[in-house]
Every structure is written in structure tokens, then in C-alpha cells.
Amino acid sequence: MPETVTMEVLRYRPEEEVEPTWESFEVPVHSEWMVLDGLNHIKDELDGTLSYRWACRMGVCGSCGMMVNGRPVLTCATYLESLLPGPIRVEPLTGFPVIRDLVGDITDSMEKLSAVKPWIIRDTEKPLEEGEYLQTPEELAEYKQYSMCINCMLCYAACPVYRIDPDFIGPAAIALAQRYNMDSRDEGMQERMDVLSQHEGIWGCTLVGECSEVCPKNVDPAGAIQRYKVSATVDFFKSVLMPWGER
Amino acid sequence: MDHVVHDVLLVGGGGAGLRAALAVAETNPGLSVAVVSKVYPMRSHTVSAEGGAAAVVRPEDSLEAHAYDTISGGDWLCDQDAVEVFVREAPEEMVKLEHWGCPWSRQPDGHIATRSFGGMKIERTWYAADKTGFHMLHALFQTTLSYPPIARYDEWFVTRLLVDEGRCQGVVAVELATGKIQALLAKAVIICSGGGGKVFRFTTNANIKTGDGMALAYRAGVPLKDMEFVQYHPTGLPFTGILITEAARSEGGWLLNKDGHRYLQDYDLGTPQPTPVKRSMELGPRDRLSQAFVGESQAGRAVSTPYGDVVHLDVRHLGEAAIDKKIPFVRELCLKYQKIDPVKEMIPVRPVVHYMMGGIQTDLEGATPLQGLFAAGEVACVSINGANRLGSNSLTELLVFGARAGRAAARFAGSQADPSAALIAQAVDEERRLHRDFLDGSGGSERVSPLRNELQDALEEGAGIYRNEEGLRLAEERIRGLRERFRRVGLDDRSRTFNTEFISALELANLLDLAEVILSSALARKESRGAHQRTDHPERDDDEYLAHTMAYRSDEGTPRIEFAPVTITKWPPGERVYGN
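Protein chains in written order, with our numbering: chain A, 2 to 248; chain B, 101 to 680.
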């Protein structure tokens, strides 16, 4: 194993430059080090001005997603040695406006996550004194996978539709809608369908499944989109065939 | 200077902060609530909590039993009135979270499932596989999205509390994206910014856990309580410090020394049985297990690695199916971060700094001694954790006391006039200070990262699992030197846009305060209790030290330690007995 590797980092300092520029750093390689450790080495030892986000370093907070050699990954879960001999190219996540260096503006995708009403919706609330809603392990399993999303936004960076149609609500938001739709405690599916149906982009999704490919938590947003399309189609036919509104 | 006004301001958007925000919104929907957080709320460190959250739910369990486990686990330093409130309100809070969509693991009939946890005599730990904190945080965050009055200031860093006429009425904060420094005024402020594990180098804590809220309150004259009590979790992965949840042991994992011996039997923790026995062996409390590790290491019975001595956590006998069902995240973390498969290999582990039992002094309503300022969660010390927190009590604590602080702050805010104009002048002063010390001028020669590393080493070496006067004094000396050098800190980065070096300098200032308080408190407590073990004072001394340390910031800027009484209601101090 070589002792060092070159990391090429895309820099963008809006107060100083109009265009992003590449900058190279030599970083030591240790078998335990992730790409994030390489970035931390740069920041702590070489150049304190490099900006990026990170927090947990255990793949669960979702902060440190970046493009590494052109692929969206969690940098805290990608070994440097898996990318040898380098150079290793690190860029901010595709599809998000860049604020500075490796920091993208995720406001748009955060608003999209909120738009699908990701909370339990019910006509009537069971009083707390009556205890929990019963939910069997099988019912839990129905939506569990979709509840594992860490909002790292890698799927947005990978999504070919979001890239050309910024109105597309996006893979994680649809998976999140399905997470609640399929929860036996929830009654809000129709409200969420109404939100999703305003987003024509869904039909542009070709189901190549890049989103599921890059998902670090196996949430399978592509599967969620497919399920949505089936329900939406059924919903559409119901509304056409049963115009008296039974749906 | 720009300013905005809210009724209630949350500093921190983790579990406690979001629970508090929801409580404000529920108590008085007319109030404007804002959550100020240096990260997006779902990035908060609650997300990393794994094992579960304790609340009495089984018929054979009782509130008294939960209280007794908590108080004995805390080596009788808990305030028992707080513990009584905690165990009483815990079940309803947990059900509430269930109603808010938390995907708790279930029994076959659909009821909540529970698991055993260290130091708990009866199964009462609710769990969502082994990503409990993650699911709780996301359920809370997503629920806040349904409340339009809850505004958010994502990626804003609070630098100072604004206090006028003895009342906290807001904060000064930096917006990371733009570098804008602004006054956020409020009738009540609740600090829920979590702990400060980053004062040590080897920690389970996320990089963001720099004790910010504790330092803010301390500098505003509020005492920090019991700060010498730092919890080492017995099972962290070497090098990364990633936590391997206690659930691995509650599901039946064994701790083995280099000879394959279940060494906890040699430390008065019971006799080994093939299946887990509660309050015994691997299900003993964290302080005792971490201390036992030191014993093995010193006796040469640990395994040495480039990242220090380790022992082994063996879960292989549980089988692949049980591991994947009950502790899938343990397997994921081991595969990804340790390159081993716990189905086939033993997990190397060592004790790692995990939690601060101490924090901002509050009463049962989360109110601090400073009017208008409230606190809840790890940042606070109410205190239910005493000298040693039991695993799975902290997630419940942030619900119970986050909710209480939210309700109390809502009531308080409802009775207050608008914040005073005098605060703007203070905020302008703060802006000038930030420019003078960090952003403008020629800048000093000292850099942030070496100072931070040296601070962490000083604490690691002087205030670890075992302490003594000499080591603590030496660490104090080193911190004094670092504080002096910090005055000459210079930034490479003077820009306004997302300046993370600026933020890390402010975080380092917080860590320095925290380090001093931990060391002063540890020096003042000349006894051994729970997680605070003094080799020069090895016994618990109830005559002198059945008391809370209260660290006040003196006029010279150094900590002044006072003692305050512990509230005892029903459980007189006794022996801590573990083992079957």
C-alpha cells in the first residue's frame, strides 16, 4: 500500500472566485482511514480553510455525502484504500447549489421532504391512556425499510430526473411518503397522493434505479417509486371509473 | 444590527430540543417557537443512540423498581424527586412517541417489545432494533414539520446568551451559510444542545459534541453541576470509538479477556451463566464494567493493539438470525468500520467516553437559576443520572424533561413582556468581539487543531476512568497553558461564507471552559463514587460528599466549586450490589 495518496478537492470560495477550482493535497493512507479522515487531515494539518460537513462518523447522521470519483457516497463510510492508487477526486453532491467548497445547499430537498407530510395523519387520535397502537412485526416490516432513510441526499445527487427537472420531488421524499403510507397507524395516504400527483416528474422516472444503487441504507427509493406508480394508476382508474368519489 | 423576536427559542435541535419545541406548540399554539441548531436537526447526535429507551410497561415491573435501579445505578447521587418524576412520566412519553410514529420493535401480538439493559432488574427498555435514537429523532423531527409555528434556524451557531435585568432574553448567533451575526430575541430560551464528549479524544460522540450549551450557560453565571462524572461506555471499537450497543450484551453477548475468560466474574459482578442475568455480569452498570477493563489491562490480560488494549465482545453464539434481527446495526458497523463479521469473529472493544452525567443545573421544570433560561437533555443535570447513568435512561430523559422544559418555558413566555431594547447593544458588542478575536486583525500564530488535540490528550491522561490529585493538577496546568495559547489563535479562514474554522475556534473556547470545570469538580470531590474514581480516595464518603458539585464561573474566569445537597426521598444511601 502506498504511503500517501493525492486527493483532488473541488474548491469554491464565493468571496474570492467566480468558478470552482481543483486543488490537490497529499494525504497519508492508513488502512482504517476513510475519505473523511483524509479531508480532516487536510483541514487540521494542511489548509484550515477547507469547508465540508460531518458529524457522527458512523454512517447515521447523513451529513458527509459527497461525490467521490464521480459517485455520491458517505465519505465517512468509504475507505481511502478502496480508491488507490488515486488520485481521489472529491466534489460536492451533484444537483445542489454549492455554498462553499464541499458544502451544498440542501434547502430544496429539505422542503421536498416536508412537502409529503411525513408524519402520522389520523382522523381521530387514540388517547394516550389507552396505550400504544398495536402493530404486528409483519405490519412493521411493511414500512421498516423506508424508515431507514438518513436524509443524506445521495439519491438526489444520483437521480437523472432531478438533474433535469428540479421540480421533481425526488427519491427520498417519495420513499418517505411511502414510509408513512404503509404504516398501519397512518390514514394520510390520500393527502400524500394528492401532493405526489402534482409532481409530474415521477412519471419521468425511468426506474433505472440509480437512487437505490447509491443508497447507503438500502432504503430502495426506486422500489418506493414503483409502488407509488402502481397505487397512483389504480387511484386514477378508480377516480375515472367511480366518479362518485369512492376511493 | 438585524434582530428577530420569538416567544420561545430552542438552542439545539436533537431529541430534547424537538420534544421541547413540540411541548411549547402543544401548550400554547399561539406562541412562536424557533429551533436554532448548528446542524440540521436530523443530524443531531441523538441519531447515534442505539440500544433503547427505558419506561415501565410490563405487568411485573413497577415505578419503584425503575427508580431503585436508577438511583443505585447512580451511586445515590441522583436527586430522587427528579427520578420519581422521571419514572412516572416515562411511559406516557414513550406512548406519545409511538403515536408520533416511532417504529418501536414489537411483540408478535403487536404490543411494544422490551429488552433488558445494564443495571436494570426488569426488562423495560423499549427499542427500535438497534437504531433507537435514529428512529426517535426522525419521528420527532418529522412530527415538528406538522407544526407550522415551529420555525427553524438550521446551521446557526449560538455564541452568547443575552441577559438583561437578570433575565435571559435571547441569543446571538452566526448563520453559517452567510456569516451573518444576528440577535435572536425571545421571552424564554431552552438549551438542549447535548453533551461535550469531544473534550476527550477517544469518544463515541459526534464531532459536534463540544459542550456549547454548557459553556453558554456557565458564562452567563449559571452553575454546572456534577461535571466530574463522565461516563465511559465499556464497548467502543478501537480507533474509531464507534459505540457497540449494550444491547449486544443484553441479547447475550459475552466480554472475554485474552484468555477467553469472562473476567467480570472476578470484579464482584456475579457468576457467569450461559444466558443473560439482569443486574449481573455483562448486564452490570457501565462504570463498573469500564473499571473492570482497566483491571484486566493492568494485569496484562487484555489484548494489545495499535490503538490500545482491547477485550473481546463475543456474540457469535447468538447466531446469524438473532444478530440480524436484534442487533443488525452492530453487524453493519463491525463490517463497515472494523472489517470483521461478528457472526464469525469476536469484536475488539475498549471503554470510550460516551456521556456527561453532569450539566446545567435545573429544577424539575427544566428551569435554571437564571430567569428565562431552561435546559433539558444531556446538557442539563436535573439530576436523574447521579454518578453513573444507566443505559437507556437518557433517551427517555430527553423526552420527559424536554417536554417539561417546553411546557414551563411556554408558561413563562406567556407571562413576559417583549424583550428589551438594551439587548441589541449587547449583541453589537458580541459581534465586535467575534470580529476582533477571530475574523479581523492580523491573527495569531496558534492554530485550532493542535490546541484541541492537546486539550483532549490532557483530559484523556488526567481525567480518565481512574483519577488522582497529581494527574488532575497536571491536566489543569496543561489546560491553563492551552487557554493562554488560545488567546493567540489565528484562523486561516477569514471569510464569511460557511467558515467552519471559525466555528471550530468557538467550539474550542467551549471545550476549554468544559475541561476546566471537569477538572476543578474532579479535584473537589475527594472520594470515589460511580464514574468518578479517585485512586487517592478510593472509598465513597457519604459524610462529606453525598452532595452535588456546583461549578460557578468566578470573576477571574476560573471555576469556583460549591456543594449542594442531594434530594433523598425514599431510598437511603446503600451498597450497590450487582451479581446473581
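Treat the hints as calculated values from the structure; they're not laboratory data. Quick caveat: nothing in here was measured; it's all calculated off a predicted structure. The beta carbon of each residue, even a glycine, is placed where N, CA and C say it ideally should be. Fair warning: there could be bad hints in the mix.
Simulated crosslink set (BS3-like; lysine-lysine; CA at most 25 Å straight-line) [claimed, not checked]:
1) A:LYS218 / B:LYS436
2) A:LYS145 / A:LYS239
3) B:LYS425 / A:LYS218
4) A:LYS127 / B:LYS196
5) B:LYS358 / A:LYS218
Calculated from the model, a selection of chain A residues having no Cβ within reach of chain B, i.e. all distances over 10 Å [unchecked claim]:
6) SER25
7) GLU46
8) GLY49
9) PRO86
10) GLU126
11) THR137
12) ASP168
Agreement of LYS218 (chain A) and LYS436 (chain B) with the hint, judged by alpha carbon distance not exceeding 25 Å: Within the cut-off at roughly 12 Å; holds.
Assertion that GLY49 (chain A) lies outside the chain B interface [Cβ separation over 10 Å]: violated (4 Å)
Given pair status - LYS218 (chain A), LYS358 (chain B), alpha carbons within 25 Å: violated (34 Å)
Agreement of LYS425 (chain B) and LYS218 (chain A) with the hint, judged by alpha carbon distance not exceeding 25 Å: Holds, at roughly 16 Å.
Given hint LYS239 (chain A) paired with LYS145 (chain A) - CA-CA distance at most 25 Å: Answer violated: LYS145 (chain A) to LYS239 (chain A) is near 28 Å, above 25 Å.
Non-interface claim for THR137 (chain A), where every Cβ of chain B lies beyond 10 Å: THR137 (chain A) is in fact no farther than 10 Å from some Cβ atom of chain B, at 5 Å.
GLU126 (chain A) and chain B, when compared Cβ to Cβ, separated by more than 10 Å: violated (7 Å)
Closest CB of chain B to the CB of SER25 (chain A) still more than 10 Å away: holds (17 Å)
25 Å Cα cutoff - pair LYS127 (chain A), LYS196 (chain B): holds (10 Å)
Assertion that PRO86 (chain A) lies outside the chain B interface [Cβ separation over 10 Å]: Holds: least Cβ distance 20 Å, greater than 10 Å.
Closest CB of chain B to the CB of ASP168 (chain A) still more than 10 Å away: The claim stands: ASP168 (chain A) keeps its Cβ more than 10 Å from every Cβ of chain B (closest is about 20 Å).
Reported absence of GLU46 (chain A) from the contact zone with chain B (all CB gaps over 10 Å): Nearest chain B Cβ is 7 Å from GLU46 (chain A), so the label is violated.
When each numbered hint is compared with the structure, violations occur for hints 2, 5, 7, 8, 10 and 11.
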